[in-house]
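Enquirer: Letter by letter, the chains look like this.
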Amino acid sequence: MAKIVEIKGITKSFDDNVVLCDINLYIEENEFVTLLGPSGCGKTTLLRLIGGFETQDSGTILFNGKPINELPPNEREINTVFQNYALFPHLDVYDNIAFGLKIKKLDKELISEEVSKALKMVKLEGFENRRINQLSGGQQQRVAIARAIVNKPKLLLLDEPLGALDLKLRQDMQYELKEMQKALGISFVFVTHDQEEALTMSDTVVVMNNGVIQQIGKPEDIYNEPKNKFTADFIGESNIITGVMIKDYLVEFQNHQFSCVDYGFKPNELVDIVIRPEDIVLSNKVENQISGIVDDITFKGVHYEIIVVVDGKEYIIHSINKVNIGDEVSLLFGDEDIHVMRKSNV
Amino acid sequence: MSKLKKLSIPYLVWMSLLVILPTILIVLLSVTDLDIFTLGSFQFTLDSFAYLVHPEVKIAIVNSIRLSGVATLISFLIGYPVAYYLANMKSKNKTLIVSFIIIPVWSNMLLRIIAWEKLFYPNSILNMFGISLDLIGTDLAILIGMTSMYLPFMVLPIYSVLEKMDRSLIEASKDLGAGTIQTFFKVIFPLSLSGVVSGTIMTLLPSMTAFALPERLSGGKTLLIGNIIEDYFMKTGNINAGSLISILLMIVIIMMFIGLLRFDKEGETLI
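The listed protein sequences correspond, in order, to chains P and G. Residue numbers for the first sequence follow my numbering, beginning at 1 and rising by one. Residue numbers for the second sequence follow my numbering, beginning at 1001 and rising by one.
Careful: at least some of the hints might be erroneous.
Said to hold, decoys possible - Distance condition first, Cα-Cα at most 20 angstroms in a straight line; then the derived SDA-like pairs of lysine to any residue:
1. P:K120 / P:L71
2. P:K104 / G:T1180
3. G:K1164 / P:N84
4. P:K102 / G:K1186
5. G:K1092 / P:D16
6. G:K1058 / G:I1251
7. P:K313 / P:G301
8. G:K1186 / P:I132
9. P:K104 / G:E1171
10. G:K1094 / G:P1104
11. G:K1186 / P:D16
12. P:K152 / G:G1179
13. G:K1186 / P:N17
14. G:K1164 / P:F14
15. G:K1186 / P:E75
16. G:K1092 / G:V1082
17. G:K1164 / P:F88
18. P:K102 / G:Q1043
19. G:K1090 / P:D327
20. P:K322 / P:G301
21. G:K1090 / P:F14
22. G:K1221 / G:T1138
Said to hold, decoys possible - Covered by chain P, per the in silico footprint, the following chain G stretches (three or more residues, Cβ under 8 angstroms):
23. 1168-1175
24. 1186-1192
Just so you know, the hints here were simulated from the structure itself, not pulled from any lab data. We treat Cβ as the ideally placed atom computed from N, Cα and C, and that holds for glycine.
Hey, can you work out the whole structure from these sequences and the hints?
Expert: Structural data, given as structure tokens:
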């Protein structure tokens, strides 16, 4: 697939504070890319650079193969859905959505037609003449999306657009946004700090921390094969244990040796090991397995979250079976549930 | 609640004695033949209305509207760019620089009027620089005076609206394809309109009702409505006609404020 945006070696600092360090990334046509990371990781700055609202210190951004470094936002074929929506309070819903089309001096009837289509897409038919302050947060959100997509951009940037919505509405919008992206056939770059949102919606997730890209991959890969401790910790819940890679396919941690599916490490290299809470099965105490005492149990709806303490280290386990605090249990997991990562400096 | 009510008593007394009572008195004076000094007859009469078509009064009304209107327009044309520049300034000393706009207002207005007057006579301190102005009695002198007096009242409300404006709206406009000039006319200016209306009224009102300023800067030649009221009260002793004009002026002012409140419901642009 053709690359719509290519970002090459972007670096950006504010005063002495480096917010983006040597970012390399490309976005393909019709791709849903999520920039995921904690607040202050540089994800919004990266989005603003693509939109043209900031200028990079060094590096190049290509759009359809042409550099757009010097292009102001109004000359980029990119539209943005802003974090606080940034709807024009002096205009009604219709005029907000028609804003971009009027700038292009399109025919009045065509504008009206396009606005109706956009409103239909965001399920706000009949809202044309509402004032912005008469709309709920969710409705404002939809108007902001309609205002952007009505211009038929090749790339839509979304800056934490669902942040202010309640859980139910957010989940509905996640689904709708994904559907919308497919229907429009354009690329979305979506900024969020919510890992679940990122995994649900994206074709590609870009995990960022401290201005550096930690990992780029499909949601499944990011979740199942985190490249480092940061990604493993940030995406989903995980048990991260320090261990030693004895040789290929053999790892030692918690004073036990386990066969695993990882290889390519130096002999006796110090590594981080990730085991997801849902991959651990609890059983009655068995010899030659990691064993510990149940310290805490919390009901989470679908499952119980169980904390087991093994030699002073806490393990989180998700299980649908209830155990009792104080029980002595063993932790069982398969070879493929052990994920070994290089120690990182993060 | 009742405790707080007690605290407002001094103000209520003050208001009653110095605002409400005199206002009632002026209303009475304007529609009766009561002589305030001798307290003789007290008959309802509309005689004072005849003064409204007096040529002198007509000229003063036209002068007031014309001069205050032009002064307000000049203030707007000078003031908006200043307010815009200040609001977008990134300096850490922004507050200090903005207070430079306010400082002149703190000095006595009559003093500033007289200072201008001195400069406008042919023999002034400006002779030192080889300049000799002869502006006393011209409209230009009054316009310069009014603009310099009331410009801060135009700048500050516009500044405060522009300063509070959400920057992301400007970014959104550019994102949707509008250039800098289009963004100004389609987003920034419409959103600053409440400040413009406040500034306009706060400039228009004092310049329309000014009397010391036209008196000094025109050498007594140009009459504004304020001069007529002053004349009627202080010189010709026609207090009833003076009261009537005052009341009508007050009604105009109140109507303007109602107009302002329609634009600026929270009164946030009024400082």
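Enquirer: Please go over all the hints and tell whether each is borne out by the structure.
Expert: Evaluation of the provided hints:
1. With a CA separation close to 32 angstroms, the supplied pair K120 of chain P and L71 of chain P exceeds the 20 angstroms bound.
2. For a cut-off of 20 angstroms, the pair hint linking K104 of chain P to T1180 of chain G stands: about 15 angstroms separates their Cα positions.
3. The hinted pair formed by K1164 of chain G and N84 of chain P meets the criterion: a straight-line CA distance of about 15 angstroms does not exceed 20 angstroms.
4. With a C-alpha separation of about 11 angstroms, the suggested pairing of K102 of chain P with K1186 of chain G holds against the 20 angstroms cut-off.
5. At most 20 angstroms may separate the alpha-carbon atoms for a hinted pair to count; K1092 of chain G and D16 of chain P meet this at roughly 18 angstroms.
6. A threshold of 20 angstroms between alpha carbons decides the hint, and for K1058 of chain G with I1251 of chain G the separation of about 18 angstroms falls inside it, so the pair holds.
7. Proposed proximity of K313 of chain P and G301 of chain P is contradicted: the alpha carbons are some 25 angstroms apart, above 20 angstroms.
8. For the given pair, K1186 of chain G sits about 16 angstroms from I132 of chain P by alpha-carbon distance, which is consistent with the 20 angstroms threshold.
9. A threshold of 20 angstroms between alpha carbons decides the hint, and for K104 of chain P with E1171 of chain G the separation of about 17 angstroms falls inside it, so the pair holds.
10. The straight-line distance between the Cα atoms of K1094 of chain G and P1104 of chain G is roughly 17 angstroms, inside the 20 angstroms bound, and the hint therefore holds.
11. As the CA atoms of K1186 of chain G and D16 of chain P are separated by approximately 36 angstroms, the hinted pair breaks the 20 angstroms bound.
12. Simply put, K152 of chain P and G1179 of chain G have alpha-carbon atoms about 19 angstroms apart, close enough for the 20 angstroms limit, and the pair holds.
13. Among the hinted pairs, K1186 of chain G with N17 of chain P is inconsistent with the structure: their alpha-carbon atoms are about 35 angstroms apart, more than 20 angstroms.
14. As the CA atoms of K1164 of chain G and F14 of chain P are separated by approximately 23 angstroms, the hinted pair breaks the 20 angstroms bound.
15. Distance hint between K1186 of chain G and E75 of chain P is fulfilled; the C-alpha atoms sit about 17 angstroms from each other, no more than 20 angstroms.
16. About 17 angstroms separates the Cα atoms of K1092 of chain G and V1082 of chain G, which keeps this hinted pair within 20 angstroms; it holds.
17. Taken as a hint, the K1164 of chain G and F88 of chain P pair is honoured in the structure, with Cα atoms around 14 angstroms apart against an allowance of 20 angstroms.
18. Restraint check: the Cα-Cα separation between K102 of chain P and Q1043 of chain G comes to about 65 angstroms, which exceeds 20 angstroms; the hinted pair is violated.
19. A threshold of 20 angstroms between alpha carbons decides the hint, and for K1090 of chain G with D327 of chain P the separation of about 63 angstroms lies outside it, so the pair is violated.
20. With a CA separation close to 12 angstroms, the supplied pair K322 of chain P and G301 of chain P stays within the 20 angstroms bound.
21. Only pairs whose Cα atoms come within 20 angstroms are accepted, and K1090 of chain G paired with F14 of chain P is accepted, the gap being roughly 15 angstroms.
22. Under the criterion of a C-alpha separation no larger than 20 angstroms, the hint pairing K1221 of chain G with T1138 of chain G is consistent with the structure, at around 9 angstroms.
23. Coverage of the segment 1168-1175 of chain G by chain P holds in this model, with 7 residues showing a Cβ closer than 8 angstroms to a Cβ of that chain against a need of three.
24. Counting residues of the segment 1186-1192 of chain G whose CB lies closer than 8 angstroms to any CB of chain P gives 4, which reaches the minimum of 3, so the coverage claim holds.
In this structure, the earlier hints numbered 1, 7, 11, 13, 14, 18, 19 are contradicted, and the remaining ones agree with it.
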